[in-house]
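S.K.: Protein chains in written order, with our numbering: chain V, 24 to 153; chain B, 24 to 153.
Hints are supplied without guarantee of correctness; some may be wrong.
Put simply, identical chains are the same to the list, so a pair is met inside one copy or across any two.
In the DSBU-like style, the derived pairs of lysine-lysine whose C-alpha atoms are separated by at most 30 Å in a straight line are [as the list claims (entries may be wrong)]: (1) K133 / K143; (2) K61 / K143; (3) K93 / K144; (4) K144 / K71; (5) K68 / K144; (6) K129 / K68; (7) K71 / K61; (8) K133 / K68.
No lab work stands behind these hints: they were computed from the structure. As the structure is a computational prediction, the values presented were derived from the model and not from experiment.
There are 2 protein chains.
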Amino acid sequence: MEHSFPEGDFHVRGRFWISGPDETFLGYGRVVLLERIKEYGSITKAAKSMSMSYRHAWELIESMNLQHGKPLVISAVGGRGGGGARLTTEGERAIIIFRQLHDRFKDFLKDLESELASLKKQRIRTGGPR
Amino acid sequence: MEHSFPEGDFHVRGRFWISGPDETFLGYGRVVLLERIKEYGSITKAAKSMSMSYRHAWELIESMNLQHGKPLVISAVGGRGGGGARLTTEGERAIIIFRQLHDRFKDFLKDLESELASLKKQRIRTGGPR
Chain V
24 MEHSFPEGDF
34 HVRGRFWISG
44 PDETFLGYGR
54 VVLLERIKEY
64 GSITKAAKSM
74 SMSYRHAWEL
84 IESMNLQHGK
94 PLVISAVGGR
104 GGGGARLTTE
114 GERAIIIFRQ
124 LHDRFKDFLK
134 DLESELASLK
144 KQRIRTGGPR
Chain B
24 MEHSFPEGDF
34 HVRGRFWISG
44 PDETFLGYGR
54 VVLLERIKEY
64 GSITKAAKSM
74 SMSYRHAWEL
84 IESMNLQHGK
94 PLVISAVGGR
104 GGGGARLTTE
114 GERAIIIFRQ
124 LHDRFKDFLK
134 DLESELASLK
144 KQRIRTGGPR
């Protein structure tokens, strides 16, 4: 039995994250935050560039640091307006690993979209009325 | 240069959805709603089983029906307390297609988790301090 599926501009979207025992460890937003801290050398500037509050940025960093066991970000004495912040090698590594998985994820979503296109063309038997 | 990545109970999680030109067409919650309507023959009961308001369930159904062009769910005259609801063959088909993609997605997340485990063991050169 053949049934239609909507034609036109349908896409497969998605997201993924790395989850620890209690909460998210790394997701796209957290990784962009790390990248911006690396770029700006400042949590304040990084947060601002993402329209994120300093407090929220700090909570994300604390969550990553605590879950990892070793800090991903170190902020120098001086705090908010002061000494700046930098990534540790653990922070650098988290970015590299996440970006590799993210590339694979993007490719997979394209595959899934091709499969959707192919399923749309197939005759699929439903349990519905005949 | 070798850097640690946290040991222990880290998992790759994710979700995907099929997006139309303006908004989501099908996602996991919408598909479960369709499955529950099929099971209960009633939008009210389906929504209740998901702790969802009738109004929200109806908005999701309307969004799917309008974007598809043909209805996925038909509710009989009598409305809320009345004549019940059933899936069309388009609704049945949407479930089948989404579930096939969902199976592939779940398998892929397992692959990604294996890749994470493997990346954690690799020496990854960072641009960081030596």
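S.K.: Run every hint past the structure and note whether it holds.
M.R.: Hints, one by one, checked against the model:
no. : hint        : result
1   : K133 / K143 : both (15 Å within a copy, 26 Å between copies)
2   : K61 / K143  : between (44 Å within a copy, 21 Å between copies)
3   : K93 / K144  : between (51 Å within a copy, 17 Å between copies)
4   : K144 / K71  : neither (47 Å within a copy, 35 Å between copies)
5   : K68 / K144  : neither (49 Å within a copy, 33 Å between copies)
6   : K129 / K68  : within (28 Å within a copy, 37 Å between copies)
7   : K71 / K61   : within (14 Å within a copy, 48 Å between copies)
8   : K133 / K68  : neither (34 Å within a copy, 36 Å between copies)
In this structure, the hints that do not hold are numbers 4, 5 and 8, in rising order.
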